[in-house]
Every structure is written in C-alpha cells, then in structure tokens.
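Engineer: So the chains spell out like this:
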Amino acid sequence: MDEKLQKALEFGNYSTTLENQKRMLHEKFVTDTIYFHAGGQFTINKELLNYVHMLIETGQETTVLVDDNNIPVEVEVNDFYANIADKFFTASNEYHTAYKKLQKSRSVDGLVE
Amino acid sequence: MTSGVLLFAYNNEQIDYVAQACFLANRIKQYMNLPTTLVTDDKQRVLKYYNGAEIFDNIVTSSLEQKNKKTYHDGSLSKKVLDFKNFNRSDAYDLTPYDKTMVMDTDYIISNDMLSKVFESNNELMMYSNSMDVSGWRDESEFQYISETSIKFYWATCVYFTKSEVNKTFFDLVKHIKENYQHYRNLYQITSTVFRNDYAFSIAAHIMGYVKELPGKMIYSTHKDVLHKINNINIKLLIEKQDRVGEYTLLNSKGVNLHVMNKFSLNREVTNA
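Taken in sequence, the protein lines are chains A and B.
Number 80 in the numbering used here belongs to position 80 of the first sequence; there are no gaps in the numbering.
Number 218 in the numbering used here belongs to position 218 of the second sequence; there are no gaps in the numbering.
Because the hints were derived from the structure by calculation, they are not lab data.
Some clues are possibly wrong.
Partial list, computed: chain B residues near chain A (C-beta under 8 angstroms) [what the hints assert, rightly or not]:
| no. | residue |
| --- | --- |
| 1 | Leu77 |
| 2 | Lys80 |
| 3 | Asn112 |
| 4 | Lys117 |
| 5 | Asn123 |
| 6 | Gly136 |
| 7 | Gly216 |
| 8 | Ile239 |
| 9 | Thr249 |
| 10 | Leu251 |
| 11 | Asn252 |
| 12 | Ser253 |
| 13 | Lys254 |
| 14 | Gly255 |
| 15 | Val256 |
Beta carbons are placed, not taken as given, at the ideal position from N, Cα and C, and that holds for glycine.
Please build the complete structure, drawing on both the sequences and the hints.
Structural biologist: Encoded structure:
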C-alpha cells in the first residue's frame, strides 16, 4: 500500500478511536457524578453545587431538593454539600487524569490501554 | 426487606445463556454485593454443569411453551436464525423471591456499583429510556420510540421493581399485552413481527405512566460489534465502522455498565473467563 495512503488510514483509525474513547470517558464522568441520598437521586452539576453552597452561606440547615425523578427530598445541607462536593471533585479529577492520558497517546493501542 | 437480582436464562442451539448468567451473577456479587436468583428450564443441569449452587442464591425452574425465532448477528458479516426464548419475563413479579428486585438480561455486563444504590430509592418501578450507542454514528431512533409514529422506548434489559399492588398490576398488564400481542402491535404501529419484551414493557409503562428513570444511561453495543476482551472493569470491543462493512474500531469501555448484544462474542469471552 502507498505510504501516504497508509498514514492517512492509520490517522483515520486513530481519530475515530480517540473520539469514541472521549465519549466513553464522558459517560463514565456523568455516571460518577450521580449521588444517592435519602432515597433520592441527584446528578451533581455546577448549578446544584452553587445552590447548596448558597443555602449554607445564608444559614440554612435543612432544605428540600427536587431529585432527578422530580421527587422532593429533605436534606441536611452541610452534610449534603460535603458529600456532593467530594464526589464531584473526585469524578472531575479522574476525568481530567484519564483525558490527559488520552491526549498523550499517539497510537490506537495507547488509547485503549 | 430482601433485595436481589433476577436473571432469566434459556439456552438455545448455540447460545449458552446460563454461562452468561453465571458470569453476570459473579460480577453482580463483586460490584453490587447482591444475591442473584436464576430462572431457567433445567435446574439439575445448572447445578451439575455450572456449579449453580455456589453462584446463585436460588434457582427457579420455569418451563417455556412458546419460543420465537430471531436473527443473531456475530459482527457485521455473520448471522444465524436461532430460537429466542423470551416469553416469561412478565412472570418476574411472581417468580422473584425478593421484596426489591432488579431483573437483568444476561448480556448486561456490570462494572460498577451504581445500580445497587437504586435499592435505597423511594421509587417502585424504574427502567431505562435514555440510552447511548457506543459507536457514536448509528441511528438510535429504534431505541428512542417503539416505532416512528409511536410511544417512548423503555429497555426491559434492566428493570427495578418492588413488591406492591401497583407493580402486580403492571406485570399483569405486560402479560396481557404479550397474550394479545398482535392487537397491541397494530395499535402501537410496531413493524417487527417478533415479540419483544422491550415493546411490551414500553406499552405497559405508557399505559400506567408511573415509571421512573434508572440512573445514567443504557449504554449498548449492537450485534454488529464484537466483544473482544473483558478484564475486570475494562471491556474491549470491536466497533463496526461507518460505511465500511466488516471493518472495526477498537474501544475500551472502563467502569461503565454495558449491554452487549452480540451473544456469540459474549459467549466466547464468558466461557474463556
């Protein structure tokens, strides 16, 4: 096979694999940011973190949050915030580490290690 | 309150669903720390050849009188028509020994503890309607609606339910839909002639309207992809390439639960595990 064509095909394989791995990493991140509390299910995002942080700043101790399935759940604000922040930061750091490893990989084998 | 997972496994001429169930039960124990009950047609065989007494919490015998025919693909170039014994999923409510149950297909590979948290939820019935194809390019519409002009698609691959009057009614309704499938097929404009539990559960969910969404998404690879290797949380797959029949791209799925529809490749990996 012509060398130029071979290189182009190899790059095609590499870029498709890279995009697929990125999508799977993101899905894992989304899965890792789901928090279960008192029978409720919460997807942790910046909005939830900010809202709960604002409740702490304004002196709230307990509140009712609506979960992913639109079910109201009563939570103790400080504990809840500590748990979601910890879970979100852990998931973000793992995502970041794995993403950087992907970016450094220059071969298909490296991408799927 | 007892909790556990319920699996249905009926072997056909070539697919060893019981071996898949054994493999999955071990992973459920490892990642979710839950017991598993197996529903099958030959308990003695499971005990004798699969070491079933050690793997499963219970083995329930339930015979099937009806069976379907279905095309099973093994990648994009190989396919076979085989028996497909899927007619008693609607009996899950009656067959489960648990107060809180998750029914799973044997081709769903568990790689994290997320679904174990569902057992602490306040919801009575949970299923997936959100899903993601690992290929990133295939048309996903058949898993969004049960037909182009019909209702939302729910996956029967993974169903969480508690023992309650309303759930008894739900499963009775699924049985009723199964028994009158031709009528419901016409009513909901389903083009496929093969009975699918996904369709029956989707119709029942539509009629009763109280189903909640399981956490995350149903992430799946189709029959056209090939499972290459499972090593703890790493699942390596060959994904069908767009517009290039018979060519594949390697993918490593790490730490996510995955629905592997290619039963041949799953069987190869499970029997080598």
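Engineer: Each hint: holds or not?
Structural biologist: Consistency of the hints with the structure:
Using the Cβ-Cβ criterion of 8 angstroms, the hint placing leucine 77/B at the interface with chain A is not satisfied: the shortest such distance is roughly 19 angstroms. The beta carbon of lysine 80/B comes no nearer than 28 angstroms to any beta carbon in chain A, farther than 8 angstroms, and the hint placing it at the interface is violated. Because the beta carbon of asparagine 112/B sits about 7 angstroms from the nearest beta carbon in chain A, less than 8 angstroms, this interface hint is met. Contact between lysine 117/B and chain A, as hinted, is supported at the beta carbon level, the nearest pair being about 4 angstroms apart and thus within 8 angstroms.
Because the beta carbon of asparagine 123/B sits about 6 angstroms from the nearest beta carbon in chain A, less than 8 angstroms, this interface hint is met. Interface hint status for glycine 136/B: upheld, as the beta-carbon distance to the closest one in chain A is roughly 6 angstroms, under 8 angstroms. Look at glycine 216/B: its Cβ gets to within about 5 angstroms of chain A, closer than 8 angstroms, so that hint holds up. Annotation: isoleucine 239/B was flagged as interfacial toward chain A, and the flag holds, the nearest CB pair being 7 angstroms apart, inside 8 angstroms.
Annotation: interface hint on threonine 249/B holds; nearest CB of chain A at approximately 5 angstroms, less than 8 angstroms. With a cut of 8 angstroms, the hint placing leucine 251/B at the interface with chain A holds, because the nearest CB-to-CB distance is about 5 angstroms. Interface hint at asparagine 252/B: satisfied, since its Cβ lies 4 angstroms from the closest Cβ of chain A, which is below the 8 angstroms cut-off. Satisfaction of the interface hint for serine 253/B is found here, the shortest Cβ-Cβ separation to chain A being roughly 5 angstroms, below the 8 angstroms cut-off.
Of the supplied interface hints, the one on lysine 254/B holds, with its beta-carbon coming within about 7 angstroms of a beta-carbon of chain A, less than 8 angstroms. Interface hint at glycine 255/B: satisfied, since its Cβ lies 5 angstroms from the closest Cβ of chain A, which is below the 8 angstroms cut-off. The interface hint given for valine 256/B holds, since its Cβ lies 5 angstroms from the closest Cβ of chain A, which is under the 8 angstroms cut-off.
Taken one by one, the earlier hints fail for this structure at numbers 1 and 2, listed in ascending order.
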